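**Student:** These protein sequences, in sequence, are chains A and B. Numbers 3 to 402, taken from the working numbering, label the letters of the first sequence in order. Numbers 3 to 402, taken from the working numbering, label the letters of the second sequence in order.
Derived by calculation from the structure, the hints in this document are not laboratory data. Everything numeric in this text was worked out from a predicted model, so none of it was measured. Be aware that a few hints might be false.
When chains are identical, the list treats them as one kind, so a pair holds in a single copy or across two.
[Claimed, not checked] Derived pair list, reagent style DSSO-like, types lysine-lysine, alpha-carbon separation capped at 30 Å:
{"no.": "1", "residue 1": "Lys393", "residue 2": "Lys126"}
{"no.": "2", "residue 1": "Lys233", "residue 2": "Lys38"}
{"no.": "3", "residue 1": "Lys328", "residue 2": "Lys209"}
{"no.": "4", "residue 1": "Lys289", "residue 2": "Lys121"}
{"no.": "5", "residue 1": "Lys361", "residue 2": "Lys118"}
{"no.": "6", "residue 1": "Lys233", "residue 2": "Lys289"}
Letter by letter, the chains look like this.
Number of protein chains: 2
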Amino acid sequence: MDKFRTLLKELPALELGVEQLDLEQSFNRKIAEDIKSPIDVPHFRKSRMDGFAVRAQDTFGAEEDNLIPLTQVEVIEAGDIPQKSLKEGQCAYVATGAAIPEGADAVVMVEYSEKKDDKILISKAVTPTTHIVEIGHDVNRGDIIIEKNTLIDLPTMGILAACGITTVPVYQKPKISLMSTGSELVTHKVSELEVGQIYDINSIVLKQAISNTGSEVDYLGIVKDHFEELKHRIDQGLKENDIVILSGGTSKGEGDLGVRVLDTFENIEVQVHGIKIKPGKPLIFAKLEKKIIFILPGYPTSALSCFYVFIDDFLRRLSGYPLRAKNAEELELGERIYSPIGRYHFKAVELRDVDGVRKIFPIKTGSEAISTLFYSDGYIEIEELEEIVEKGDKKVFYTY
Amino acid sequence: MDKFRTLLKELPALELGVEQLDLEQSFNRKIAEDIKSPIDVPHFRKSRMDGFAVRAQDTFGAEEDNLIPLTQVEVIEAGDIPQKSLKEGQCAYVATGAAIPEGADAVVMVEYSEKKDDKILISKAVTPTTHIVEIGHDVNRGDIIIEKNTLIDLPTMGILAACGITTVPVYQKPKISLMSTGSELVTHKVSELEVGQIYDINSIVLKQAISNTGSEVDYLGIVKDHFEELKHRIDQGLKENDIVILSGGTSKGEGDLGVRVLDTFENIEVQVHGIKIKPGKPLIFAKLEKKIIFILPGYPTSALSCFYVFIDDFLRRLSGYPLRAKNAEELELGERIYSPIGRYHFKAVELRDVDGVRKIFPIKTGSEAISTLFYSDGYIEIEELEEIVEKGDKKVFYTY
């Protein structure tokens, strides 16, 4: 089990191409180059407060009982361009965020001023730079503001916007060929099923699960259990994309095909063939030079839980997308759980309150029922040689 | 502070309309009606195993040393329609998931069979129903499969797909009018800034933040600090949508407008006017009959942290979208932090390892710097009357 996880972690990252995106479309994408700011932020001296821009030396000695009168030459609201340069004995009203006029080197907060006749009386001395945000205080022009490989989250979008950057170079999303295999499968758009047919659930669920990882899905449709057709479709998937995920086709009976098709590729390394897990027929993971193929079990409950347990994080590491927050908490079993010997078991469970304590209970249906995942809160892992986990035993409960 | 949070929690849910969506577009939306299954799942008897469909009574007495020969009349792969009805002494090969032919009432696993000449020799007796998944085992036709108000997650999509449901009634997304106010603001699409102008960051960041909650943004653009213009735009926002979010316009100086505009509405209840928090000029939350207005501070760092702390969960509860997983963990301060008396302080902090222990350190820049949020790992809350939090004190560290 751990072998599989280790293999996935050790895979070299696929080389993803680069595309230019509108900043507004770039959320949760990974930056492909160091980004430098084309401007200083702020690019002008601005006031941190509502108050009066002054020459600091003009205020020296000002106190509550020694008001110093200045002549107001201008009102500068946020967004205004100052029209005048301050001379000795002059001041200008500045709103928070407004530009400081030339000649001024400090701001007196409005609380330390009063208007009398045509003068502004200042009641507090300030030193140069007081309440002024200097040019480049936040970002200097030419500084690297965002490093290559950074995930673009909201604060990152904010910094890029502050610097006036409108398009950003990001890595392309990993593209994944997805198909469902099984002659019994029918698209859910068909309204009547024949005996023997069932709706193809995996295409819909895995398509969404893959796009939730920040990857792009190239859906190749339902493939019948025919050797040539499956081989043709896997060929096509590998030609077009670096990763192929298919579900079904791993059963061990006469209908088994996926493995036989993989065996026909030269240079294929079947890294893990048939990890004996439950739920799920053997899970297969193969490498073909730089390309990767996953074959998931056909039962939707198995396919989705295998996807969550093994593939979800792997794809997110590729795309740079944040990993899903997962819970892992040791809890007591409220009921005995049986497990088949010889298979590593991801047992779907639900949590119920027993006298105020949350305990683990098994979901009664198995992987053949689509409702199993729906009613489960998460899963526990049961070792290959554990046959019974007793009521009262403790297990780590994981959310998918 | 808690007053504000309580108010938000007690708000009656907005009445959202209903729309029909393709199942494939419905992820993370909230179901607007109980959904019944139009079919049984499975809608035919199917085999749980690769093996032989038999009449159970024909196998009675079969053991390893008492093989019972049956005549194979058919091979039924998954997806095939059985062509024959089993008679006494007959069997049919069935793959996992394949339909069980009429006349059969059990499946013998392939492991307990061998082929000899033209016969199949059975080495294990089975009771009726063995390894057969009955019609409706998973879902019965007419059952409510998904209840109204359920969030459509991946297992829910799976159940809907299994029942052949192609369109689902979901609640419309909450629609939110968003605008930035400030005469100094310029869209980031303008390439050259004049003195006094800055790029409008909030529209880009809040637009994304709001859509991350499963809401739809109706962006009304940048509004200058003109009373009539702002009133007109807020009017327009309220006419078109139930929630208006604007940033800026809450300062207390001459440029203050948002509050004066709100005061002109009859029947307005300004629920919270100017919670004294830091970072952020007073935050405003007003109700106008069934409509809601939020005025966020203008500084992007303040606007986004106020959004995270106060509004994010509120919008997610409306849309049904999962709440963001937030961390809350008591950690030690690695350095003294000062805080202004009289303001409830959401202090942006970073975590650093000190001899293997994660400790809290203050971010040195304030809310005027867009980089503050970028470099922070989360925040701590400092009470209005706390002026100093000493190195070594413990505080709960929250992620945004």
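**Student:** Confirm or reject each hint.
**Tutor:** Okay, the hints, checked on the actual structure:
Proximity of lysine 393 and lysine 126 under a CA criterion of 30 Å is satisfied in neither setting, with 74 Å inside one chain copy and 33 Å between copies. Neither within a single protomer nor between protomers do lysine 233 and lysine 38 lie at most 30 Å apart by alpha-carbon distance, with minima of 47 Å and 39 Å respectively. Taking identical chains as interchangeable, the C-alpha atoms of lysine 328 and lysine 209 lie at most 30 Å apart whether they share a chain (21 Å) or sit on different chains (27 Å). Proximity of lysine 289 and lysine 121 under a CA criterion of 30 Å is satisfied in neither setting, with 81 Å inside one chain copy and 42 Å between copies.
In the homo-oligomer, the alpha carbons of lysine 361 and lysine 118 never lie at most 30 Å apart, since the shortest distance is 74 Å inside one protomer and 52 Å across protomers. Taking the shortest Cα distances, lysine 233 and lysine 289 sit within 30 Å of each other inside one copy (16 Å), while across copies they are farther apart (62 Å).
Consistency note: the structure conflicts with the earlier hints numbered 1, 2, 4, 5.
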